[in-house]
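With chain A's structure known, arrange chain B on it following the hints.
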Amino acid sequence: MATSTFEPKNRLVRWVDQQLPIFSLLHGSLGPGYPAPKNLNYFWNFGSLAGLCLVVQLVTGIVLAMHYQPSTAEAFGSTEHIMRDVNYGWLMRYVHANGGSMFFIVVFIHIFRGLYYGSYKAPREMLWMLGVVILLLMMATAFMGYVLPWGQMSFWGATVITNLFSAIPLVGEDIVTLLWGGFAVDNPTLNRFFSLHYLLPFVIVGVVILHVWALHIPGSNNPLGIDVKSPQDTVPFHPYYTAKDLFGIGVFILIFAFFVFYAPNMLGHPDNYIPANPLVTPPHIVPEWYFLPFYAILRAFVTDIGPITAKLQGVIAMFASILVLFILPWLDGSKVRAATFRPVYRFLFVILVVDCFVLGWVGANTPDRVLIDLGDSTFDMLHLGQIGTAWYFLHFLVLVPVISRREKTKPLPESIANPVIRPDAHAVPAE
Amino acid sequence: MKIIKAIKTAFAATILLGTGSVLAAEGEVELKHQDWSFNGAFGTYDRAAMQRGFQVYKEVCAACHGLKYIAFRNLMEIGFSEAEAKAIAAEYTVPGAPDEFGDPTERAAGLSDYMPSPFANEQAAKASNNGAIPPDLSLVAKAREGGPDYLYSLLTGYEDPPEDFELGDGLNYNAVFPGHQIAMPQPLFDDFVTYANGPEASVDQMAKDVSHFLMWAAEPKLEARHQMGFKVMAFMLVLTILLYLINRKVWANVKKKH
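The listed protein sequences derive, respectively, from chains A and B. Numbering-wise (numbering that gives the first Met the number 0), the first sequence opens with residue 0 and increments by one. Numbering-wise (numbering that gives the first Met the number 0), the second sequence opens with residue 0 and increments by one.
Keep in mind the hints are simulated off the structure, nothing from the lab. Keep in mind it's a predicted model, so treat the numbers as computed, not measured. Mixed in with the good hints there might be a few duds.
Keeping only pairs whose Cα atoms sit at most 30 Å apart, straight-line, the calculated DSS-like set for lysine-lysine is [unchecked claim]:
no.	chain 1	residue 1	chain 2	residue 2
1	A	K409	A	K228
2	B	K254	A	K228
3	B	K254	A	K409
4	A	K8	B	K85
5	B	K220	B	K85
6	B	K248	A	K228
Some, not all, of what chain A presents toward chain B, calculated at C-beta under 10 Å [what the hints assert, rightly or not]:
no.	residue
7	R13
8	Y93
9	L398
10	P400
The beta carbon of each residue, even a glycine, is placed where N, CA and C say it ideally should be.
So here's chain A without its partners, still in its complex pose (with noise of 0.2 Å):
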């Protein structure tokens, strides 16, 4: 698919290159000889904008580490320690706290993309599930690097979701006691979260390196969906998507570094600068906000059937939410990737986002907030968040495989190059 060989003219480059063809490699993958899609719009920024929070989690994670001392006697010590007396500490705390919520911003925009545009469709159902993967890994690292300060939440966020594990059937509380490494939430647990939280990241870059060789193999999707007839259809990488991706990345560190300078606590919880207390709950436990949806999801089941407990319900339906991205590629029916071209996907689209969005709310608040009061019963935050919840599996797991095959999608455009839709084309019918 290159649309340039690479040839060097340094003489030193090319004798690297001819034992070490690493500089073709970058030539080929981000460099004049990877050919793109001309008409990529901004949501295909956030690919590399992903790839930037990596980066700066790696750097500002391994200056910290230099610092931290992972025991409960002394990690909030430490933290505080780094806050006050570390050269510019306070600076790679608050960046990399900050940054990964700025990580799960970027990454679920990402996703979201994938939804929209059909990035998930054949030819790309590899890149999709590794992007799934990755995902899974982020959340793992996240919630690992929030228990780090030892801070309440962190310690009862800790407590709750180790404890969730207790409700698979049999094996659940050995599960448990070595996830702690003893009988509570104590100074093993913190020891292994904190050298996981250190290994993970690296895991992430091996799968990252890896989502990206998949995504070479056939190449960026873009807005219309439609594959890339002829080169007129593409502009080579460098300079055209260098130049942008810079450029997006530029808006992106604005936005980072308002937080940063800012509003540094704005997304943490108050209560996490409270050193963890064993015998003292808050009065609220809320993980951070980029989990609250699946928090809600967790927390939508209320009822036992038979042996199985709605604790393990929620936990079930809590790693389904996510699992059932990794079939999505074969729930979804339909040949027409772009939901610009889907009327009905595109509308069952929106109403996910705003489901995504009401999860979120719902997982902000208790359970029996209420909403509306009918009198003799009320509509609370727990119902509104089992409608979201089932919202969410009906999309997935219904509508879209329904949808898809039956839907009647509109005419596609002839090319990339050329986005006019031929006077004689049909609406292409569902398979």
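Just chain B, lined up with the frame of chain A:
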């Protein structure tokens, strides 16, 4: 791109609703928002207010509350001279190195020592305070929803309970405290401390000053953060405009063809 606008609006709304609802659930009361000098992008601490606040802490709060992440050397950051900080430190005694017989000793605190806590341990704190443990104040301005506004509102929020309100044994009514029953009795009364030179030591003034001081104690690098933030934002703004222009120039020949 209507859809993008819709998503953006929904996102903004959720952030507002999310934070708003948490606030409402926890506070349920209106805080008295103050016009702090450290607010805003260019906000700085008021040295005189912090020194007065430290005096309030030292003469009133310190009887029960620790400030363990603040060292005496840090007092130079709020405008005390080295000699003044040393003199303040010397008023406190801290455990010294064991003597030649291995017995524990005491010595006057120095600049590198941290503020001693008023109680030896939690049990002692509980015993002296009707079973409640007075929290360390080093981070309290960041550990409560509303921050310094909450502290100020709490300190000025003592009032007589409503007639139908049943107050627990040894508890005090406070309009701002969650549940309105607080173990801490009203700590501030007019002229409780004597400001050397400055405003009258009214409850309102002392509450403001000590909240200001505690905000600094919780976030001592705020000024450095604001200063660096301005430089970073200004630099990134110019750079981003340049990157935008470069991007436009790079794409000019592609866009023209359409």
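Legend entry - Hint check: 10 Å Cβ-Cβ cutoff, A:L398 to chain B: violated, 18 Å
Inset, instruction - Starting from B:K220, check that the Cα of B:K85 is at most 30 Å away, please. - result: At roughly 22 Å apart (the allowed maximum being 30 Å), B:K85 and B:K220 satisfy the hint.
Legend entry - Supplied contact hint for A:Y93, tested at 10 Å Cβ to chain B: Where the cut-off is 10 Å and the nearest Cβ of chain B is about 8 Å from A:Y93, the hint holds.
Legend entry - 30 Å Cα cutoff - pair A:K409, A:K228: Roughly 20 Å separates the two Cα atoms, so the pair holds.
Inset, instruction - Take a quick look at whether B:K248 and A:K228 sit within 30 Å of each other, Cα to Cα. - result: Roughly 26 Å separates the two Cα atoms, so the pair holds.
Inset, instruction - Under 10 Å, Cβ to Cβ, is where A:P400 needs to be relative to chain B, so tell me if that hint holds or is violated. - result: violated, 23 Å
Legend entry - Agreement of A:K8 and B:K85 with the hint, judged by alpha carbon distance not exceeding 30 Å: Violated, because 67 Å separates the two Cα atoms, which is more than 30 Å.
Inset, instruction - Take a quick look at whether B:K254 and A:K228 sit within 30 Å of each other, Cα to Cα. - result: Status holds; Cα separation ~19 Å.
Inset, instruction - Let me know if the C-beta of A:R13 comes in closer than 10 Å to any C-beta of chain B, holds or violated. - result: violated, 27 Å
Legend entry - Pair hint outcome, B:K254 versus A:K409 [Cα-Cα no greater than 30 Å]: Given pair B:K254, A:K409 holds - Cα atoms ~26 Å apart, limit 30 Å.
Checked against the numbered hints given earlier, the structure breaks hints 4, 7, 9 and 10 and satisfies all the rest.
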